[in-house]
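Participant: Protein sequence lines, in the order shown, are assigned to chains A and B.
Following the UniProt record's numbering, the numbering of the first sequence begins with 1 at its first residue and continues without gaps.
Following the UniProt record's numbering, the numbering of the second sequence begins with 1 at its first residue and continues without gaps.
Since the hints were made in silico from the structure, they are not lab data.
Treat the numbers as computed from the prediction; the structure is a model and nothing was measured.
Just to be clear, a hint being listed does not mean it is correct.
Derived SDA-like pairs: lysine to any residue, alpha-carbon spacing no greater than 20 angstroms straight-line [what the hints assert, rightly or not]: (1) A:Lys48 x B:Lys103; (2) B:Lys150 x A:Phe83; (3) A:Lys60 x B:Val141.
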Amino acid sequence: MAADCQSLLELTMEGLCQPPQEVGSEVTNQLLDLQWKMGMAVSSDSCKSLKSPYVAVTLKVADQSGQITNKSFEMTIPQFQYFFKQFKEMAAVIETV
Amino acid sequence: MAGELEGSKPLSGLLSGLAQSTFHGHTGITEELLRSQLYSEVPPEEFRPFLEKMRGLLKSIAYADMDFNQLEAFLTAQTKKQGGITADQAAVISKFWKSHKTKIKESLINQSRWENSLKTMNWRVDLKSQSKHLDQINVPVAIVELELGKSGQTQKK
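Could you put together the complete structure from these sequences and hints?
Facilitator: See below:
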C-alpha cells in the first residue's frame, strides 16, 4: 500500500507538475505538489474498535492568478485504489500522445 | 400493557428502525412513528423508556463490536438484570445483530470520517500546441476534475 502511494506521488510529480513560470498560461488550476499519508482510524465515541485504514491526500494548487490553496481529502483503501488506477491510465495515455 | 412490550415480533422491526436512525443517518424515523407502527397499543410514556433501553443496548453492542460469544454473554446478563430484557427479546436482538453487524460497522466508519472525501473523479489528456506566452508544441497535459465533499454536500475543485 505505501509502495502504491509512493509510485502515485512519483507519477504525478513527473507527468503533471510543471515549473511555476508557466502559471500565467494555464486555463485551469495547476497542481504544484501532492502530499499523502496513510492513517488508521482506531477508535471513536460510537465504536471502540474501528480499525479502518485510509489514505489522506493534500493537493497544493495554484489558480490562474497564481494564488495558492491546499485541498485535502481522505479515501478508503478501495477509493484510493480507484484513484491510483485513474492516474495509471492517464500516464499510459500521456505516453502514447 | 406491559405484555405488549414483551412480544418479540415487533421488536425486530423496532431494531431495524433504531439502526436506521442511530447508525445509518435516516432522519425520518421518530419515536412516534415507531410506536404507532409497531406498538400502537402501548402508551407513549411507557414506550419511550423501552425504546431508549433498546437503543442503549444496540449502541453498547455496536461500540464494543461484539463477537458472538461476547454478545451471548452480554445478552444473558441483561436477562438477569432488574428491568432488563426477556429471553425472547435477547434472541431477537442476537439474530438482528448477526445479520446487521457488518452494515452497522460500515456506517460507523463512515460517520467517523469528518474530512472531505472523494466523490467523483474525471480526467482528460489534452495536447497543447501553442499558448500566448510560450510556444509549446505537442505538450501533453492531464486535466483532472475532483469532486470533494463531506457526506451530504459536494464542491467541485
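Participant: Each hint needs a verdict: does it hold in this structure or not?
Facilitator: Results for each hint:
1. A:Lys48 x B:Lys103: 16 angstroms, holds
2. B:Lys150 x A:Phe83: 18 angstroms, holds
3. A:Lys60 x B:Val141: 17 angstroms, holds
Going down the numbered hints, you'll see the structure goes against none, and every one checks out.
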